[in-house]
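Those protein sequences? They're chains A and B, same order as listed. Taken in order, the first sequence gives residues 1 to 648; the numbers are from our numbering. Taken in order, the second sequence gives residues 649 to 1296; the numbers are from our numbering.
There is no bait here: all hints are sound.
Derived lysine-lysine pairs resembling PhoX-like cross-links, with alpha carbons at most 25 Å apart:
| # | chain 1 | residue 1 | chain 2 | residue 2 |
| --- | --- | --- | --- | --- |
| 1 | B | Lys751 | B | Lys1087 |
| 2 | B | Lys800 | A | Lys210 |
| 3 | A | Lys210 | B | Lys779 |
| 4 | B | Lys964 | A | Lys152 |
| 5 | A | Lys151 | A | Lys316 |
| 6 | A | Lys151 | A | Lys132 |
| 7 | A | Lys131 | A | Lys17 |
| 8 | B | Lys1290 | B | Lys1046 |
| 9 | B | Lys858 | A | Lys132 |
| 10 | A | Lys151 | B | Lys800 |
| 11 | A | Lys152 | B | Lys799 |
| 12 | B | Lys799 | B | Lys780 |
| 13 | B | Lys779 | B | Lys665 |
| 14 | B | Lys800 | A | Lys316 |
| 15 | B | Lys799 | A | Lys316 |
| 16 | B | Lys964 | A | Lys151 |
| 17 | A | Lys151 | B | Lys858 |
| 18 | B | Lys858 | A | Lys131 |
| 19 | B | Lys964 | B | Lys799 |
| 20 | B | Lys1290 | B | Lys992 |
| 21 | B | Lys780 | A | Lys210 |
| 22 | A | Lys152 | B | Lys800 |
| 23 | A | Lys642 | A | Lys398 |
| 24 | A | Lys210 | A | Lys199 |
| 25 | A | Lys151 | A | Lys17 |
| 26 | B | Lys858 | A | Lys152 |
| 27 | B | Lys799 | A | Lys210 |
| 28 | B | Lys992 | B | Lys1046 |
These aren't lab readings, by the way, just hints derived from the structure by calculation.
Number of protein chains: 2
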Amino acid sequence: MTELNQDDSLDLLAALKEQLLSHELDALLLPHDDEYLSGEVTADCERIATLTHFTGSAGFVCVSVGRAEALPLEVANRKDRAMLELAHEQAVFVDGRYKVQVKEQVNEDVFDCFNLAEVTPSDYLRTLLPKKSRVGLDLRCVSYRYFQELKKELELAGIEIVPLEQNLFDLVWEERPAPVCSPVEIFPDEFNGCPSLQKRKNLAQTLRDKSLDATIISSPETVCWLLNIRGRDRQYLPIINSRLVAYANEALEWYINFDHLSDEVQANLEDHIGHVDIFPESGFDDVLDRLASSQCSIYVDPRTTNAHILNTLYEKGAQVETGLGLCELPKACKNATELAGEHKAHLKDGVALCRFLAWLENIAQPEIIEIDDNGPEAGLAAYQERVAELDEAVLADKVEELRKEQGEYLQPSFATISALGPNAAMCHYNHAEVATPRKFGADPLYLIDTGAHFNEGTTDITRTVLVGPNVTEQMQLMYTLVLKSHIALASTIFPRGTSGMQLDAIARRPMWEHGCDYEHGTGHGVGHVLAVHEGPQNISVRSSTVALDVGMVTSIEPGYYEDGEYGIRLENLYKVCPCTQPGCQNMLCFEPLTLVPFDVRLIIREMLTVAERTWLNDYHQNVHSIIENAADLSEAEQAYLKEATAPI
Amino acid sequence: MTELNQDDSLDLLAALKEQLLSHELDALLLPHDDEYLSGEVTADCERIATLTHFTGSAGFVCVSVGRAEALPLEVANRKDRAMLELAHEQAVFVDGRYKVQVKEQVNEDVFDCFNLAEVTPSDYLRTLLPKKSRVGLDLRCVSYRYFQELKKELELAGIEIVPLEQNLFDLVWEERPAPVCSPVEIFPDEFNGCPSLQKRKNLAQTLRDKSLDATIISSPETVCWLLNIRGRDRQYLPIINSRLVAYANEALEWYINFDHLSDEVQANLEDHIGHVDIFPESGFDDVLDRLASSQCSIYVDPRTTNAHILNTLYEKGAQVETGLGLCELPKACKNATELAGEHKAHLKDGVALCRFLAWLENIAQPEIIEIDDNGPEAGLAAYQERVAELDEAVLADKVEELRKEQGEYLQPSFATISALGPNAAMCHYNHAEVATPRKFGADPLYLIDTGAHFNEGTTDITRTVLVGPNVTEQMQLMYTLVLKSHIALASTIFPRGTSGMQLDAIARRPMWEHGCDYEHGTGHGVGHVLAVHEGPQNISVRSSTVALDVGMVTSIEPGYYEDGEYGIRLENLYKVCPCTQPGCQNMLCFEPLTLVPFDVRLIIREMLTVAERTWLNDYHQNVHSIIENAADLSEAEQAYLKEATAPI
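Model the full assembly from the supplied sequences, consistent with the hints where possible.
Listed below in structure tokens is the structure:
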């Protein structure tokens, strides 16, 4: 795709640099996020994709003027003190998930590409720019937390961040798509389990308990949660953009583009969420003025609120308290209805995935086992004939088709990663982003990471399965280690108050023992028909110190990636529950939501301890009994399920 | 001890309150630390012990005036929203280690006593004091980091911290001991492995690499490390107090009480550490003025530098950069000579401890096993006769006596915890602080946590051993779980860059599985003939994110404590090494320094996995072969060692 529209890019770049010059800026930092900071942006905010063709869900671009010389960039704070040479006046920064994709999509004759783990925009700008340089930034497109840290780092190098009144890229973006504006949809109480009025009461009580007058909620996911609404502006995230201010007296001011409000919704809104004062989205800056001059004490989350909002409040002398958003824990700890819904959603997802795996096994099995054992050539030929029509795209579509057969299906919760062989070594490979999806026939391993929103709940699962010849012992070893990692954490009992950061290494230890590791987090929180990556908790090396608590949903997804060869990841979703084991009253544990077999054919049985085998067999028995009883399975599907879940 | 000197306390309190009134203060916060923040203070700085008789190594006292009424104290930020009633105008705050000891030592008719995990001085002051109150604090006695956090919290409640020119307690402390001032001792290159001149060169290079002009080193341990000196001002910490300023051009200014410098030392100093400009300790405030007006960029560690120093620099407009002290990692990562010395020290310590355990077993064994099996009464009588003379003090003295037989012995590295039965449930029990040390005869379990400084290195070990009748299955279960916890972490291989905070839960997991936990950290760094608790790394739930690195020494010491019954802790020291296992090039592992058997009689063998048994048997085999070959053991000692290290 790098050839496509290359000239457009160059024209846009040239126009952007003119803007830089006319604003007396030495550089511009262009973040991927929009002003709502939700990760997935609507088409009218795909600035980085438009400028660079990089379509990932996070990243930055830096554009500079007048610094064309090849500057060596020393990453002094890192152990290897890597020296990187800057070739261009502009660079793209992406995280580890996208380090391969960025090179496929971005024209490296125009942009330098960096992995954020190695070089941040701050490292880059401090190397590139002399003291007293000015870097433009639209403060709406970064969190206040990020802005603070960046500002501090650049200030040490004598570089100033210039907040931009208007996004400079938008000024030169002539073919900018119109804003996306789907109608607000009411998310019924049967699915949400707690009427909006009750949530508002609880929030107001929290404000009063903390002697606060108001809080700004600027994460649209949280607004949707609080008001029990959803939307269709995005492909994967079932929200609409809006913000609100909630007061200690239960009053709510909602700032939203009125195009989101159909007549029908307007008529039903008050019944559903009670009285709300609705204002145009564009009026939000006015409320900041009002809040600042009112001497209200205002609570704001600097991680989910853009820097423009919080900076404006501080500049106007508002009385601000900051901390974790007051709705974040109530949203993360699902109520009984939400959890029951999650189980229903996972049952549907389990049926769809079991059908998918049965279908796949029927095509890609069982001769490949024989091939592996030096079986007859005929077997290989028959296998290759059967899989001739299969590629990564066909399989991704098949999963969605099977999910659509289930009731209350809404949409995928993220772009399915359907990855064969070496493609699976890229953690966030997307077959839709490459010229030709990879075909089945040669690769032994296939990885699928896929999820869906149903009205009842949100799913996210990864399985790695045997689909072709020439599986190696090393692959089986690594599959078994990844499974041991998964089980190590999934079977952990832990005290209340334990954070995911504390638990992360428990999953990594079995991999570490063999000198291996994975570069991504071990698990993320999952929203209820909201973001499939939802905070505040997660299970990873850094970031969140928020304790795991009853009702939270989290993934556990260790992996192993052999560059250019194969990738393995095994992901289930779990709910956090009180531990019912005797003597463990104050402990919590993980209870599986996901109901799909692991591929036992890839396990080296002797490497599992008795406890690990027991965990796996119990899990499989549970999958078998629930899926078998719930679904109208064909004979072939039943046979697959029985074999796949047989004790090992 | 609460009866002793009670009137002194009241007199001091009354005089202190007069000082508060005359300084127009509503309250005073009196920290345990002195201006050097090293934990153990010299007698002339034992302010809290003098005022309250609490002798622990950390804590705070708050004294207020005119707020006598019984105020309810709501700890709003905690889950249980505990309500505590304030009975007095003054309170003592101690951490979990001292929650029992404080109640034995402090007169609760005069002071309220709080556990810092439940109520901090900030919680207390915010409840006690109305807005616009003034709290006096000697900024020299808290770190800048602590001061910053306290200031922020109190400001939110409208309370002002008033920095005191002079410590108000010292003004009323009539019988204050004279300052302790032992001579500086040169710590020879044969033990330190890196001449001071080289350390100074490295530090200057680091300053230049970071474009810094100077750094203030205000931790006396770090000064001792940099100058390769030691001292005897304290019982357990072999340092003298002093500070220095190091410059990018390798110049050093040393601020020290000249009484520390004997003529002999002065004569040899330049040979040993090169040229140093020596100034009186009292001149340190002048250098702050000079640094501030010089436009130097100065690097300061806000965790180890007192708030007076950093506050003064900021107030005077100095150009300050803050972060982890530049000598902290070089000090923590021991060089080859230091590590070789640690092995020698641990060999000596191992011999002493093995002799101790053999001696103890000879008195307290083997009849108690029979007693446990309902053996003959005669056995019990004989056992009780043999142990009649033993108590906790006798055993602590015995260990020190055996250590003194080893060469290069300096002093204990902390007060030995010699704890029988229920006393071992108090993590920092000190038999010297109670009226009568507990006698042997009735309790099945004995815990000893003890360490020493030799010229070659510093040791710290905890063992829990069977010494009496009526050991229960529950005790054996818990002993085995603590051992499993110890082995789980000690056998972990982990990638470079991993912090102790990440590893902590690996040790806790086997305990969690049975609903248990321990309230202290899993491990701490250990200095080389310096502080037995040395940062910046540690292994615990919170705090340090500093990665474990090659050459660091750390304890691993999980435990279990059954209040009023018994306590178990199993502690070894380990050095962090590169992992030599094939395929693990980038991984690190722990290699044991401690050479003392665990008590296999307390292990439930079936609860150990094969891998755990292998680890234990390998460890014991190593202990056996090294101690047996190194020491001139008696026959009884040889027999003990052989049996104690036999494979299980």
